[in-house]
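Produce the complete structure using the sequences and hints provided.
Add 31 to the 1-based position in the sequence shown for this note's numbering, that's all there is to it.
Mixed in with the good hints there might be a few duds.
What the hints assert, rightly or not - No farther apart than 20 Å at their CA atoms in a straight line, the calculated lysine to aspartate or glutamate pairs in the EDC-like style are these:
#1 K195 x D93
#2 K146 x D134
#3 K88 x D163
#4 K146 x D79
#5 K78 x E152
#6 K146 x D93
#7 K124 x E194
#8 K67 x D177
#9 K146 x D136
#10 K160 x D79
#11 K145 x D79
#12 K78 x E194
#13 K190 x E108
#14 K105 x D134
#15 K67 x E169
#16 K120 x E194
#17 K78 x E135
#18 K67 x E152
#19 K195 x E108
Honestly, the hints are just simulated from the structure, not real lab data.
Since we're looking at a predicted model, the values are computed, not measured.
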Amino acid sequence: MLFLRAVDNRKHVHAVFFQTMVLVLSLSAVVLAELKPGTRAPSFREKDVNGRVVDSKQLSADAMLLDFWSTWAKPCETAMPQWESLHRKYRGKGLVVIGVAMDEDPKLVAPYLKKRSISYEVLLDAHGKVSDSYSVREQPTTYLIDRQGIIRYVYPGYKPGLEKTVEQNVLLLLKRK
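Structure below.
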């Protein structure tokens, strides 16, 4: 009788373990769901490097380039001057460029930007609130978002020459006025 009870308990433990694993894996899939072109961009409200609150719902732009990066990632360092160039070229024509610094130490960000002459808005996302809402898994990851708040293009990583493709797509979004 004692043996049968132990076997039943073991079956119960296995069943509970299996159900728990299915639940955890299902929730992980939801959390890690990649944002693809055609989906609505999550809104955000976060402080920038100067302590000013930036609310995406208050931004007015025909196109927004949203770039997730870190100070320690070399590809980010290579990409940022390209986004700065687009910012300077198209800021008066409807493009807003926003960087999202994913560094754990926000004190590293302002000197990094100053050294590289980055003038576009940069948010501090040390706790990952914004990057988690965008399911960022690679740095840099850059999104191009249209005036209706729809993600039109996603660029994970950076390779030289990507800036040409991004600029062409920015121009397409700016022409949709």
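### Query
Looking at the structure, which of the earlier hints fail to hold?
Of the numbered hints given earlier, those the structure breaks are 6, 12, 18, listed in rising order.
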